[in-house]
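2 protein chains.
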Amino acid sequence: MLEGLGLPASPRGAAGASVAGSSGLAACPPPSPSAPRSPESPAPRRGGVRASVPQKLAEMLSSQYGLIVFVAGLLLLLAWAVHAAGVSKSDLLCFLTALMLLQLLWMLWYVGRSSAHRRLFRLKDTHAGAGWLRGSITLFAVITIILGCLKIGYFIGFSECLSATEGVFPVTHSVHTLLQVYFLWGHAKDIIQSFKTLERFGVIHSVFTNLLLWANSVLNESKHQLNEHKERLITLGFGNITTVLDDHTPQCNCTPPTLCTAISHGIYYLYPFNIEYQILASTMLYVLWKNIGRKVDSHQHQKMQFKSDGVMMGAVLGLTALAATIAVVVVYLIHIGRSKTKSESALIMFYLYAITLMMLMGAAALAGIRIYRIDEKSLDESKNPARKLDSDLLVGTASGSWLISWGSILAILCAEDHPHYTWYNLPYSILVIVEKYIQNLFIFESIHREPEELSEDIQTLRVVTVCNGNTMPLASSCLKSGGVAGDVAPRGKDMPPAANVNVCMRESCDKEEEKQEENSWGGSPSPVHLPRFLQGNAKRKVLRNIAAFLFLCNISLWIPPAFGCRPEYDNGLEEIVFGFEPWIIVVNLAMPFSIFYRMHAAASLFEVYCKI
Amino acid sequence: MLEGLGLPASPRGAAGASVAGSSGLAACPPPSPSAPRSPESPAPRRGGVRASVPQKLAEMLSSQYGLIVFVAGLLLLLAWAVHAAGVSKSDLLCFLTALMLLQLLWMLWYVGRSSAHRRLFRLKDTHAGAGWLRGSITLFAVITIILGCLKIGYFIGFSECLSATEGVFPVTHSVHTLLQVYFLWGHAKDIIQSFKTLERFGVIHSVFTNLLLWANSVLNESKHQLNEHKERLITLGFGNITTVLDDHTPQCNCTPPTLCTAISHGIYYLYPFNIEYQILASTMLYVLWKNIGRKVDSHQHQKMQFKSDGVMMGAVLGLTALAATIAVVVVYLIHIGRSKTKSESALIMFYLYAITLMMLMGAAALAGIRIYRIDEKSLDESKNPARKLDSDLLVGTASGSWLISWGSILAILCAEDHPHYTWYNLPYSILVIVEKYIQNLFIFESIHREPEELSEDIQTLRVVTVCNGNTMPLASSCLKSGGVAGDVAPRGKDMPPAANVNVCMRESCDKEEEKQEENSWGGSPSPVHLPRFLQGNAKRKVLRNIAAFLFLCNISLWIPPAFGCRPEYDNGLEEIVFGFEPWIIVVNLAMPFSIFYRMHAAASLFEVYCKI
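Those protein sequence lines, which keep their order, are chains B and A. Take UniProt numbering: the last position of the first sequence gets the number 612, and nothing is skipped along the way. Take UniProt numbering: the last position of the second sequence gets the number 612, and nothing is skipped along the way.
Just chain B, with the same shape it has in the complex (with noise of 0.2 Å):
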């Protein structure tokens, strides 16, 4: 299975993603084997064809496994949740533990070796694993590895009730997550090229091992808001619905009683940033899979600074936000279930604060939008498998809370009775599925643009073209210099810019395509027709304070839900019009994707900040 050591990597794009056509002809690739070719050469898409016909079937082969194993687990995870007979939480255990030590065993080989022949990892994707992406999986690292000591804590405190599988498990996973956090570090933008099929099996593992933490993440978590909501429901009048709680509380006493209810409560507010940390993880292995055996121009990044000044308005409106968001989850988790009064009260609380900061939200996406449609920007359309999956996941994500809206404006539109504050309910869902489709947009069209100062070059230049009238011979020339040197020989940074090349393309060929788009896109064409106050800097300026405010709004919007005020159980309505189960069972599945959906587009947006 294994492919050898150090030889010229199989010249492929990640799975699907392969470079277009399907003719028979195809230049040679540059004889140096391991100099980092150009991207667009398409000596790889034929060159070492051979070579990747065992490649490819990695692919499919460790993708299978992954998904077998995924199964496997989500299938034990379901039988624990249903109480199946004969499955008890120390084989779920069992099981997650044994995927980690396997885990752990890959990434210690692999860190041993890439230390050994470092030659061997020279080649990085500078997208992926980002420094900022780094930091905050630190952060959440170290919130995981709090939560461990605290189970191991509670494990300690019951120690006579419970298996040794509860107290090996959290020591396991803390194990698991401080060398995970050293390897991401370290080999996150590494582009495997030896050992293919190895490492391929050896990545999806931990992808799909870090999936299942988190799939057992969130299912604890569901748990507990299952039965939190299920004591405070009554108090709203639904007194009919099944209330028998899923408890799994120890049935022997912990020694210091006190001690052992700070903990059990303590861990259920580290689970939101444990299942953050899960899913980050297994985002950035994804990326790694994916970019396993694949060549990259090694030049091609900007780098991303970090700039705060002229974001004073953005931050100080996201900043509100994030202020109000707090004293709103506060009000709403002492209020909700009190009473009946006190927990409507709380809801109509919690909307109309929702409705509002959407509303602003929306009005600034569509702001963002609009500033770009208006300018003209070419989009980058490289290969970026970390930007790829990045939208996907924004749009895959997003389709888990548009599933729980739709289902509030079922249930209000079907409902017979109608509470007055559950009207409220009717807006604030509206508003999720439609500042999402706008946000996800604005996202979308930020993380193709292309850096900032490249395409301020090229407006220059393109100006100078045009004035001089002399398109055509500039664009046969740059045909030849274009076509070849970015085919064929490998780019280094004795190239000349790549503004010039691309200017006298987009002025031969675009002419017409421009006219008509600008009548139908923007309106106002070239940077000249746009407003003084967008230009240059003033525009990345109002660009970057509506990233900034974004940001902020989307980390505001992820601590509600995260921290136990979820209104679609507490507004009761649903549950009466789908019922008690099927409703609940809609939102245990749809509310995680909903919840990651925030602090990725949270995270989306940090990135959109930076490169702005």
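If you're looking for bench data, these hints aren't it; they were derived computationally from the structure. Please note: incorrect hints may appear among the correct ones.
Identical chains share a label here; the pair holds if one copy fits it or two copies do between them.
To be verified - No more than 25 Å apart at the CA atoms, straight line, and that leaves these computed lysine to any residue pairs for SDA-like:
1) Lys223 / Ser264
2) Lys230 / Gly579
3) Lys89 / Leu426
4) Lys223 / Cys414
5) Lys388 / Phe70
This one's a predicted model, so the numbers in the text were calculated from it and none came from an experiment.
For this one, chain B is given, so just place chain A on it according to the hints.
Same frame as chain B, now just chain A:
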């Protein structure tokens, strides 16, 4: 939003499958805007990048719209399935009818426009909408229309107590089916180059409308199967499980009662075909969506032929399997639920039959993979949305049956009490996982192989080159011709055959790699080392026999679950371990994918057969 007529297409790949590299280099696209361009030309990547801003956005806009509609439909289906208060069947049917009418309008507009402006619709994706695919969709569509007629008959019979929507729906559905099949015959291969935003919305609307119609049929079928199952269950001794029938029989009398019973029985025998029709239509439309705005080389396709010579053995074995399956299904359906002994013997018969069949299939697929592995052939990695969808669907839908299989395995391992017939379930479930894993690998490798003729030319030329020992000069000469011609100039029929270019490249660059892989993968590397019976036509014959056998076996294994032979229900063990409700939910969610997998694998194997 519209981008105008007849403009050069924005040269971008489908979402996330764009050509590698984000540097600023690019060549100019050829001056003629509508001439077919070589797919490996890097020009599209950056050439019309500005034009692709709305394109990329249109993709995001439309996919989000489609998902929102789909999620809303799923929610309505769920609401109806769980008898949500205030949601009736007519609400659901109204919604579906509205979606179909909207799609009808769009298709009419599109068909009208395409006949008025023929020059806009010249570009075709030769891989999409293959002849046999259109043939099978027509067959399924005819049965769907018959189903529609039966439903209209059913409505007339019970017209007193059925709402008008139950009559309007089948009429609209039949018209929709007719026009959609006409549309797919004429336009499945289209590569839409104008009005891209509007087309994207239209096509994605059609995709999700068909998916919702699929989900609706699946739900109807599942409800029917569940009712039948509940009736049978008691005879196996599992009487303690809740057996409330979810009956939807109208509350009035039908005028000729025998006819009405015949109709309502007939309907359920036709559902499986309707289900296949909807999913096939949506996959074809999805490929159309992915192709919007794409650039392909229209000369690249090798015509596939259906040849029936020399596949005697595979066909005979396959047909035997098919006959055996029909016999087994008939016996199963007669025996199951009659008495406990009869049910048990039916289950044992089914398991033994399925175990034998899947072992044969696994062995055949393994042999096929082995033949591919010891052979040396290049993999076709060209961009091909239809093929990419095929392999994604194979792995994705296989996950459905893996979930059920893991459930069975877990149930057997955890159950306290094991009636002896349940033990047959263990090898059966393991084989379901293993066989699909192997078969997917075989299909994946087959559909990524290059057409036979081309690569035999390569082999011949290769030997010549090796004998001359003169590789480097040839390599550098093809660097020029291959690199430049393949990247910049449009390729037509006047180009030299691709093979010779390919050869030099492989010679110069892959020598070392080959050695490595020969050692690790195949063992016998070059065609001269192949056993005599595996060379040339003989090898092709063996592979074709394998494909034919697997094709017929997959058709065979499609029949039992599609027509109500579901040991996952009748076995009873899983229901005891997981509980009735959870297991029913798992099976009802996973089974449609499992059934679709078989039909889809059969379709892919048919394609493989024609290609070999």
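Hint-by-hint comparison with the structure:
Taking the closest pair of Cα atoms, Lys223 and Ser264 come within 25 Å of each other only inside a single copy of the chain (14 Å); across copies the shortest separation is 43 Å, beyond that limit. With identical chains, the CA atoms of Lys230 and Gly579 are at most 25 Å apart both within one copy (14 Å) and between copies (22 Å). In this assembly of identical chains, Lys89 and Leu426 lie within 25 Å of each other by CA distance solely across copies; the values are 23 Å between and 40 Å within a copy. Proximity of Lys223 to Cys414 under the C-alpha cut-off of 25 Å is restricted to the inter-copy arrangement: shortest distance 23 Å between copies versus 28 Å within a copy.
Proximity of Lys388 to Phe70 under the C-alpha cut-off of 25 Å is found in both arrangements, the shortest distances being 22 Å within a copy and 22 Å between copies.
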